[in-house]
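Given next are the chains, with one letter for each unit.
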Amino acid sequence: MPHSTNGADSRRARNIAFVILGALIVVATYLYLVIGRPTEIADTSTSHASLIAIGGYVVGAVFLAVGSIHRLPTTTVALIPVAIALNIVVGQIVSVIGLPVYLDSIGTVLVAALAGPAAGVVTGILTNVIWGLTLSPIALPFAVVQVVIGIFAGTAARWGMFRRFYTAPLAGLVTGVVAAMVSAPIAAFVFGGATGGGTGAIVGAFQAMGQSLLGATTLQGLLSDPVDKAITFTVVALLLIALPARFLQRFPFAREHRVFGRTGPKATQTALAREG
Amino acid sequence: MIRLDGVSYAYPDTVRPVLENVSLDIGRGTIAGILGASGAGKTTLAKIIAGFIPHVDGGELSGTVSVEGQGMGDLQLAEAVSRVGLVIQNPFNQISGARYTVREEIAFGLENFGVARPEMQDRVGEVADLLNLGPLLDRSPYELSGGQQQLVAIASMIVLRTPVLVMDEPTSQLDPAGTRMVFDVLSTLRGAGITVVIFEHKLELLHQHADVLYVLADRSIVAAGDPTDILADAHLAEWHIGSTRYTRVARAAQKRGLLAGLRHLPVSLEQAVAVFADDGGAR
Amino acid sequence: MSSTVYVDRGSSIHRLNPVTKLVAMLCIIVIVFALPVWWVSGLVLAVAIIPAAVVSRCGRKLSRISATILLPILVVLFVVQGLTFPGGKTALISWGVFTVTSEGLHFALGIGLRLVCLVLASVLLVLTTHPGDLMSALTARGMSPKFGYIISSTLQLIPAFRDRANAILLAQQARGLSVRGSPLRRIKIMMPLLGPLILGMFTDVEDRSTAMEARGFGSTARRTSLVPVPDSSVQRVSRWAMPMVSLAVIVVPFATGAL
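Protein chains in written order, with our numbering: chain E, 51 to 326; chain S, 122 to 404; chain F, 575 to 833.
Worth double-checking, as some hints may not be accurate.
[Said to hold, decoys possible] Some chain F residues near chain S, calculated using beta-carbon distances under 8 Å: (1) S676; (2) A714; (3) M717; (4) S718; (5) F721; (6) G722; (7) L731; (8) A734; (9) R736; (10) A739; (11) N740; (12) A795; (13) R796; (14) V801.
To be clear, the hints were calculated from the coordinates, so they are not data collected in a lab.
Since the model is a prediction, treat every value here as computed from it, not as a measurement.
All C-beta atoms, glycine included, are put in the ideal place defined by N, C-alpha and C.
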């Protein structure tokens, strides 16, 4: 290697620091917005909630991505553009056809299942960056939601939840609940609940029933996100079966954690030993 | 220069090897053609010579692979690729996507290796001239035809000036004129001391340009030697290689009783003219 | 042939260093979100965004794109918050069970103008900056080249991807399959469409990663760039000055107790 082991070590430490810092910022932002303001100030537009929501989430997501990208091998880097294109094209087709789900994170979940949470994080944030560059910048504040999906999907893969048909949607449901909770403050404080026609009407209905703005956006998210992610995770489990074995073999994460149940443990171990 | 000794390889989690006991010895500044039916393991052999196997693909590789006396297994991939260039079969997949014009696409590798800008500009201009890409330099690589993309893919590797160039069917999408141009460029590179290993099935062009031919069949090298001898080999059909149109004409003629007793069938226009002239003269 | 909205009008805004434009956009967004009163957003719009749009000669396209994005959001925002804002007390209009409150409209105005600034500033950046130039400029500043690769490559893959999807969709329709009907039926038609599309794109990944490695993508050398990024000393100074000014604009009102 041209660079010294020392340099590699310090770079590694820096990346880990970025990941930890990013995660802390995201968690702190959420806690500040949700728990730190138990009584929602009526006139939110004069509070700093919106700056904290957009700033904390974006900075946190950027730190997580910066800390994650260095450890990705070239095969994973080459995979991510396809996954992002999949997110965006399928997400658009689904919204044009008018299905009552988003399905805009199939690529993120697939990458996380094949290459781990770090790869899922990078796919997630860059999906929203590209969505912002091509279609609409209102996707940008929501980047952190895709990051959360990437982390959860990668962890679910590590635990082998894509191996069976009933565990994949279960992992999706849990991810959907967390995604809904994380995105609610953005929808509330940045967009005033108005992220789209249908969702806006639902937020209005919850507000009319006496919910606070944040409560209303949280409930609205809980109506759609868990179902959407359960479908997404199931689609990914199906894709993992359909993709050729040789393609799946290219991803050490998937081999190491036996993300898909097909290769026997023995074969996997010898493959790993060779790589070692 | 390029030496393979008893190389066998099986992909990860497979039992049956793709290649068994392959040995090659290719000298500096030569064009070596490797013939093989589809599925014979050509792409695998190309990746072994270029160091991608076992660095990237994993799997079970035995035997030794060395380039300029340096074992490829001992090198990091980044060092291996600076010695051996690889042009892959599908030109669309070779477009990096990282750049928006043909000019930048050709320079992509130079940027990655940190070549200074003035030298980069010179080198890009030079290969663009060599492969007639001048008019395309400001276009998007995605707007080009398959043949044009293939020329860009070749240019993107030649520009790196690796001492060895491994090419996996580099003219599959090119018209005859484009194919001839590529082979002429390869001859020029050979003149500059560059070693070219080309996996190809355009036999007549290989006969004209290659210095040595190898036949890959049944997971191993089954024949090696002078192109004229290899292309006249009676076993080519068994190896599913086919033969040149001159050989086919001579064979058809023999079936009709012509060219009786001819042992070495012609593999080029000159040889064909000569044998038919002899045969006519004999009558 | 990438899927971005960039238009080359050759204006002085187009010729700025992409990082300068990025910093300006971020400063605008931070100011309007940090000072949440509606007239701050209005002022930013009047003195920064609109003049820049005029100079860039992209005004028409900017307003068309932004209107498509913003109109549905703004309509929903004003209707929903005007009617159901939890802090709404002062009734302006009452119509049966519906009551529009002035607090609700005021809240919607504050959020709405901020969103207008956010969308206009970022769309203007995208309209006047080629994504490749933005990536080169950021990579030259130490961003991992992997980010630049992923973003540029995706932007060029999406049209190819969409073409394939359309081809398959057309083929399905030619076989007499309608894309109308109940959601369940539409999903049934979607699945055979998605399958081959997705698998084909993924199996190309192996090849593409080999080709990238062969061209030194994994190299640890310091990257160089064929095309230089335009820059000037004025811009270098302004990239520091803009955040400073923004900070002052945000801090001063609090320090003086104006807000």
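Verification of the hints:
1. S676: 51 Å, violated
2. A714: With a minimum Cβ separation of about 11 Å from chain S (threshold 8 Å), the hint on F:A714 is violated.
3. M717: Result: violated, 13 Å to nearest chain S Cβ.
4. S718: 13 Å, violated
5. F721: 11 Å, violated
6. G722: This interface hint holds because 7 Å falls under the 8 Å limit.
7. L731: 6 Å, holds
8. A734: Holds, about 7 Å.
9. R736: 13 Å, violated
10. A739: 16 Å, violated
11. N740: Violated. Min distance 16 Å.
12. A795: With a minimum Cβ separation of about 4 Å from chain S (threshold 8 Å), the hint on F:A795 holds.
13. R796: For F:R796, the interface hint holds, since the closest Cβ of chain S sits about 5 Å away, which is under 8 Å.
14. V801: 7 Å, holds
Consistency note: the structure conflicts with the earlier hints numbered 1, 2, 3, 4, 5, 9, 10, 11.
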